[in-house]
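Novice: Kindly produce the complete structure, drawing on both the sequences and the hints.
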Amino acid sequence: MIVRNVCTRQSRQLLAFNRPTRIVNRFFSTEPSADTAVQTPLAEQASHQESSVRPTESPQSGMRSTAHQAFVEKQIQKNRYLGLGSQVKDAYLPEALYRNPPRPHHISLELLLANQTHLGHSTSRWNPQNSSYIFGIRDGIHIISLDATAAYLRRAAKVVEEVSYRAGLILFVGTRPGQKRAVVRAAELAGAYHVFERWIPGSLTNGQQILGHCETMVVNPFDEELPQYKETLVDRPSLKPDLVICLNPIENEVLLHECGLNNIPTIGVIDTDANPTSVTYPIPSNDDSLRATALIAGILGRAAEAGRDRRMEQAKNKKLTFPPPSDGDLVPDAAKESVDDAAATQASISQVMAPESPAAEAPAAETASTEASTATAPAAEALTEAAAAAAEAPSDKQPSDTPSQDRQ
Amino acid sequence: MGKYNLTALRVGRSAVQQHMAGKTGVLPNWVKTVAEIPPAQALVRNQPQEQQLVRQRVKTLPGSSKPQVVFEVQEKRRKTKKPSRMFQPAAIRYEEDQLRKEFFRDHPWELARPRILVETTGNDHSHYDWSRLQQPGKKLDGESVVQRQLWLLNNVPDLSKSAAYDMARREFYRLRLQEDIERRVAAEEAQATGATFGPSILEIGMELENKQYNRWKEWATAAAQMAGSRGSGMSDSPDAQGPEELLAADAPSAEEITPAN
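Chains as they are written, first to last, in the numbering used here: chain A, 1 to 408; chain B, 1 to 261.
It is possible that some hints are incorrect.
As the list claims (entries may be wrong) - In silico SDA-like pairs for lysine to any residue, Cα to Cα no more than 20 angstroms straight-line:
1) B:3 / B:45
2) B:32 / A:323
3) B:139 / A:90
4) A:180 / A:90
5) A:158 / B:87
Because the hints were derived from the structure by calculation, they are not lab data.
Specialist: Set out below in structure tokens:
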């Protein structure tokens, strides 16, 4: 009936195949699909295909025509009175968390409660290290203290804002199904990077192998690319993020371990069964509710956005919020030197995964940025990196960067 | 390293140390931030406070004629916790838990009604006034009765729990009846003004089932005829019933199954 109409519209290519449209028939047909000896298979196929293309014209079922008639009448009735009725106000809009996430100063206990951040796990699954975040036991689950969530979330938002202000590379990681949108949106707000599928182990500790083929770019203080530095970046080590935000630390133990080895601060959503010492800044909250994680990702994304806005403001006043690149660190390509814009004194490098690389199909894209100056200006460097699918290789400066040695 | 791995909590310190030792060339940008906003204390455990249930009642005390508000504190339990459970979180309890339990024990099918669990603002409770049973924006359900009963207990003088339960329940039943009548009248009005309600889910299901029966009947008749024509040459025992008779005895006819629409 109705369903078949929708299906036909959206899957024309299925119907175009030279075979019976099995999928359509199995899930959307109101016809009994059993094969009996009465009808020959050919006749059956033909009738099915025909009926799925033109649902209103098949006369064989009185039932469908009744239902279809009823549907048509209902639509007519609905259109006739479309302008009437009440208007719904203050309704719950699930999209709002993605389209317009709240800002850090909007954090309130009511907001957190409505977004289900207080629901923990079954009491038998708790990690006793979390006992200071737990408010009590209700119906067999631990209830996370909203006070603790609000305080830790504000602190984390402050850290994100400051790191973003200092042009740090921020990486949002949320690898559970359904977290993709929140993670991408937060990264979009923050001008940061994201991973929403699997974290490739070794992206930080073995980055030269895994991310070596990724492209890098130099950007100016306004985050615009400076193409004249392309060639100088070829043999640079891959970059590492300055801050990693992980929405599901339990599944991303490897990522957090690598961050520990590489001395990268991390922010993580810690449910009652997670280990709070695995991240630098824990946010005690429910990590199983998409609404809760979307809220947290949105707030942190907004915080990073605020930091970036402040940085742009400073850049307009010709002030740098990060140390400039050291002398001679970044030299523009010789061929393009004469074309160089003298105004672009600062630049940063970003790595972007080549789109045709297999890793780019994974949701990860990696970027790193290095602040640099042209040859005429005092050079400085600020390394930032974000990896969508991966991270950086051990740099030449850290030859001893092996897991066993770096652990502290 | 031992039991705990505190690497993540010490990133700032180790970054500075590595820089001082010459392991890393440039101090990362975030070091100042982490120094300004250090990570919170980890692994602290506090002894949870046992919650006390406080009941508010309006009572006429023996000496006075006017009722006054009395707060009764539930006694702490005598039995002490085992030392190993000292730092475990305490249970969260409210007075209405018992009321809720009793209501749903008496009305188990109230639990089968659909309910909206989504919170919009987290502040919905502040719009409710339980001096009446119906609330704007909230569907009438078992929870309304529980809250209404609690309000009665807290505010009406000298009311016992069962009396409050009966009052709340009576209001609830009356409103439910009213809802039924409203629903029926609305359907009648709609039909009178030209609305049509399509076949219900049950009717559609019955029609599908009938169609299957008819298909089967068609097939079975053909199969029985074939079997009959084949078997007639083999055996001609006079007792054997023909396939048509067997079919007629076993299969209900489609007309019998069709519901009266």
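Novice: Look at each hint and say if it fits the structure.
Specialist: The hints, checked one at a time:
Only pairs whose Cα atoms come within 20 angstroms are accepted, and residue 3 (chain B) paired with residue 45 (chain B) is accepted, the gap being roughly 16 angstroms. The suggested pairing of residue 32 (chain B) with residue 323 (chain A) holds, with an alpha-carbon distance near 12 angstroms, which does not exceed 20 angstroms. Proposed proximity of residue 139 (chain B) and residue 90 (chain A) is supported: the alpha carbons are some 16 angstroms apart, at most 20 angstroms. Between the alpha carbons of residue 180 (chain A) and residue 90 (chain A) the distance comes to roughly 27 angstroms, so the proposed pair goes past 20 angstroms and is violated.
Straight-line distance between C-alpha atoms of residue 158 (chain A) and residue 87 (chain B) comes to about 31 angstroms, which puts the hinted pair past the 20 angstroms bound.
Against the hints set out earlier in the document, violations occur for numbers 4, 5.
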